[in-house]
Amino acid sequence: MPLLAARDLCLERGGRQLFTGLSFAVLPGQLIQIGGANGAGKTSLMRILAGLSRYGFEGQVERNASLLYLGHHSAVKAMLTPRENLAWHVSGEGVYSDAVIEEALHKVGLYGYEDVPSHALSAGQHRRVNLARLYCSSSPLWLLDEPFTAIDVAGVGELEALFARHARLGGAVVLTSHQRLGVDHPVVPLDLDTGIAP
Amino acid sequence: MWTFFHKLGSPPWLYGISGSILRYLLPVTLIGLAIGVTWGLLFTAPDFRQGNSYRIIYIHVPAAVVALAGYYVMAIAGAVSLIWKMKMADIAMKSCAPIGAALTFIALVTGAVWGKPTWGTWWVWDARITSMLILLFLYLGVIALYEAFDNKAAAAKACAVLSLVGTVNIPIIYKSVDWWYSLHQPASIKFTGESTIHASMLYPLLLMIVCFYALFTCALLMNMRGEILNRERRTSWVRKLARGGDV
Amino acid sequence: MSAPGTAAFCLRLLRRQLVLAVRRPIDIGNPLLFFAMVVALFPLGLGPAPDTLAEFAPGILWIVALLSNLLTSDGVFRSDFDDGSLEQLLLSPQPLYLSVLSYICAHWLVTGLLLALVSPVFALMLNLPVAGIAALFGSLLLGSAVLSLVGGIGAALTVGLKRGGMLISLLILPLYMPVLIFGSAAVKAAVTGAPAGPYLAILGAMLSLAVALAPFAISAGLRISVDA
Numbered sequence: 001m002p003l004l005a006a007r008d009l010c011l012e013r014g015g016r017q018l019f020t021g022l023s024f025a026v027l028p029g030q031l032i033q034i035g036g037a038n039g040a041g042k043t044s045l046m047r048i049l050a051g052l053s054r055y056g057f058e059g060q061v062e063r064n065a066s067l068l069y070l071g072h073h074s075a076v077k078a079m080l081t082p083r084e085n086l087a088w089h090v091s092g093e094g095v096y097s098d099a100v101i102e103e104a105l106h107k108v109g110l111y112g113y114e115d116v117p118s119h120a121l122s123a124g125q126h127r128r129v130n131l132a133r134l135y136c137s138s139s140p141l142w143l144l145d146e147p148f149t150a151i152d153v154a155g156v157g158e159l160e161a162l163f164a165r166h167a168r169l170g171g172a173v174v175l176t177s178h179q180r181l182g183v184d185h186p187v188v189p190l191d192l193d194t195g196i197a198p
Numbered sequence: 001m002w003t004f005f006h007k008l009g010s011p012p013w014l015y016g017i018s019g020s021i022l023r024y025l026l027p028v029t030l031i032g033l034a035i036g037v038t039w040g041l042l043f044t045a046p047d048f049r050q051g052n053s054y055r056i057i058y059i060h061v062p063a064a065v066v067a068l069a070g071y072y073v074m075a076i077a078g079a080v081s082l083i084w085k086m087k088m089a090d091i092a093m094k095s096c097a098p099i100g101a102a103l104t105f106i107a108l109v110t111g112a113v114w115g116k117p118t119w120g121t122w123w124v125w126d127a128r129i130t131s132m133l134i135l136l137f138l139y140l141g142v143i144a145l146y147e148a149f150d151n152k153a154a155a156a157k158a159c160a161v162l163s164l165v166g167t168v169n170i171p172i173i174y175k176s177v178d179w180w181y182s183l184h185q186p187a188s189i190k191f192t193g194e195s196t197i198h199a200s201m202l203y204p205l206l207l208m209i210v211c212f213y214a215l216f217t218c219a220l221l222m223n224m225r226g227e228i229l230n231r232e233r234r235t236s237w238v239r240k241l242a243r244g245g246d247v
Numbered sequence: 001m002s003a004p005g006t007a008a009f010c011l012r013l014l015r016r017q018l019v020l021a022v023r024r025p026i027d028i029g030n031p032l033l034f035f036a037m038v039v040a041l042f043p044l045g046l047g048p049a050p051d052t053l054a055e056f057a058p059g060i061l062w063i064v065a066l067l068s069n070l071l072t073s074d075g076v077f078r079s080d081f082d083d084g085s086l087e088q089l090l091l092s093p094q095p096l097y098l099s100v101l102s103y104i105c106a107h108w109l110v111t112g113l114l115l116a117l118v119s120p121v122f123a124l125m126l127n128l129p130v131a132g133i134a135a136l137f138g139s140l141l142l143g144s145a146v147l148s149l150v151g152g153i154g155a156a157l158t159v160g161l162k163r164g165g166m167l168i169s170l171l172i173l174p175l176y177m178p179v180l181i182f183g184s185a186a187v188k189a190a191v192t193g194a195p196a197g198p199y200l201a202i203l204g205a206m207l208s209l210a211v212a213l214a215p216f217a218i219s220a221g222l223r224i225s226v227d228a
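In order, the protein sequences belong to chains F, Y and G.
All residue numbers for the first sequence refer to the numbering used here, where the first residue is 1 and numbers rise by one.
All residue numbers for the second sequence refer to the numbering used here, where the first residue is 1 and numbers rise by one.
All residue numbers for the third sequence refer to the numbering used here, where the first residue is 1 and numbers rise by one.
Hints in this document: simulated from the structure, not taken from any laboratory.
Predicted, not measured: the structure shown is a model, and the values here were computed from it.
Just to be clear, a hint being listed does not mean it is correct.
[As the list claims (entries may be wrong)] Quick list of the computed label-pair ranges, beta carbon to beta carbon: (1) Arg239(Y) / Ala37(F): 27 to 33 Å; (2) Asp178(Y) / Asp98(F): 54 to 60 Å; (3) Asp98(F) / Leu18(G): 16 to 22 Å; (4) Gly21(F) / Lys240(Y): 21 to 27 Å; (5) Trp13(Y) / Gly21(F): 52 to 58 Å; (6) Asn30(G) / Gly21(F): 35 to 41 Å; (7) Gly45(G) / Val28(Y): 51 to 57 Å; (8) Gly94(F) / Ile17(Y): 51 to 57 Å; (9) Met37(G) / Tyr203(Y): 57 to 63 Å; (10) Asn30(G) / Gly35(F): 31 to 37 Å; (11) Ala37(F) / Phe216(G): 52 to 58 Å; (12) Ile17(Y) / Gly21(F): 26 to 32 Å; (13) Val113(Y) / Gly15(F): 45 to 51 Å.
Just so it is clear, CB atoms sit at the ideal spot from N, CA and C, and this is done for glycine as well.
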């Protein structure tokens, strides 16, 4: 059974057809990269898949697994520390011990920053707080909208390795990025006009 | 049943059928209004206490009644739009608001005009007048909220939620204003007792109320047709219509 | 790891909101300061005669409390909308109804509750007879919770709009009116020696209704705003 299935998605914005009749399924073990130019509707599609957009499009999305969506906004509160932020982010999903939270922060390179107020951190570090969720998540399906924004080269490499590992363990990752992924796992391209090539 | 629902969701069908309804309803409404106004203003006896000034009742009461009903029509359309995601319900709801606001405004202005000879003042903080004023605010809130959104699909949903919230609140507001007024009612203003209206005055009033409902329906349909054309302006059927074709 | 209980999640949310509020104490202080300043305007506008002020005090205090609540309502969801926290909340498997209630509860604790606590001071400044103070406190306590819930609806509907501030007043002030009527009536009744209990009971009824229904409207509003 696919983790997520989209059927006949059509979206029109400002009188322009962004995509029409888009159907595809996300299977366990897949690493799907959505391509397309700026303004092609990648973010809109991600929001539809996540369930944040419920009106203004046609078609159905069937979700069979819990999902984790990371969008353009980091959801990091400036007045909270990375530790508090992450603890809050994951609290809807499960009960995590402080050790797990701390380890996840270390994995994204925030060692030593755990208890610094987030307003003192850079945009890239906010992004990292956000991405630390991936290390705690039990959701099989990850929907990541431009996860590499503001992340340095070493960080991108680690993320790619994480995505490949998640896919090999039976999860699936759907991401948008203009970057070519350097992973030792097949990357399935998803085109907004033609869908996933068979 | 479902095919009817399906048809109701189709803009060309709704545009066509509303055109046919209007073709008959509009003339009948206008004739009815003309009869009602003439009857009420010229052929009924003057009130023994208020003289001729009471005749404004033939505009005031129907406007107030339909203004209130219009809010419920709007809220029901909003509920349909939220539950069944029907675009035509969005359009109906959006089209209700300005008509309802206009009727509420008419009721308030005629009330003021009536108040001057009867109570000696243009405005009295009477329970009904205050409630109508709040109703006007509720309508204007819906219109303002709709205009504030760029995304019109979201605007319609937001207005639907707001009008449903308003529906729950209207009885509460009415009851509290009513109670508030009975607590503060100044002794100098005397009201005529309930249901003392004579039958000869009542019939033209009932006719006017029915005609105002019909007028509301006509205005709603005309508003909706305009909105349908505006939203569907890029589709082939509207282009064909614009070239003088048939729906 | 185990699935968290809903109650634990809501308490966490409540604590987070309170921590955020405490770390920006100015946001807690501003509404109180606003309350103090607007109360100070009335003697300047109406004249300092103690009798006049005493007569108008219940209405003045209630209207100012209402306005100060209105000003803070706009911000309930604003920062969480701007930084994406709201998206995550909508996607979380927890029931939104209760999450929303936690937000409103936090808002009430740092606005309505504090306002009710300091209101006796301002009541004395406006020469409100001492007999009315308990009723003022009680009615503000109950009434401000209703205002927070109703204000939350307006906040949820306008949170996605760039200029929501003025609009939210248009949307929710008409809905505030019943609370104002019964809130000030409770105080007036107590001042004249009549029992304030019935009015407080009506405010309590309004609060029950608002707790039952407002979170649905707020949830729907948030979903629409995040969608737009």
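Checked hints:
no., hint, in the structure
1, Arg239(Y) / Ala37(F): 27 to 33 Å, "30 Å, holds"
2, Asp178(Y) / Asp98(F): 54 to 60 Å, "58 Å, holds"
3, Asp98(F) / Leu18(G): 16 to 22 Å, "20 Å, holds"
4, Gly21(F) / Lys240(Y): 21 to 27 Å, "25 Å, holds"
5, Trp13(Y) / Gly21(F): 52 to 58 Å, "24 Å, violated"
6, Asn30(G) / Gly21(F): 35 to 41 Å, "52 Å, violated"
7, Gly45(G) / Val28(Y): 51 to 57 Å, "55 Å, holds"
8, Gly94(F) / Ile17(Y): 51 to 57 Å, "54 Å, holds"
9, Met37(G) / Tyr203(Y): 57 to 63 Å, "58 Å, holds"
10, Asn30(G) / Gly35(F): 31 to 37 Å, "48 Å, violated"
11, Ala37(F) / Phe216(G): 52 to 58 Å, "40 Å, violated"
12, Ile17(Y) / Gly21(F): 26 to 32 Å, "30 Å, holds"
13, Val113(Y) / Gly15(F): 45 to 51 Å, "47 Å, holds"
In this structure, the earlier hints numbered 5, 6, 10, 11 are contradicted, and the remaining ones agree with it.
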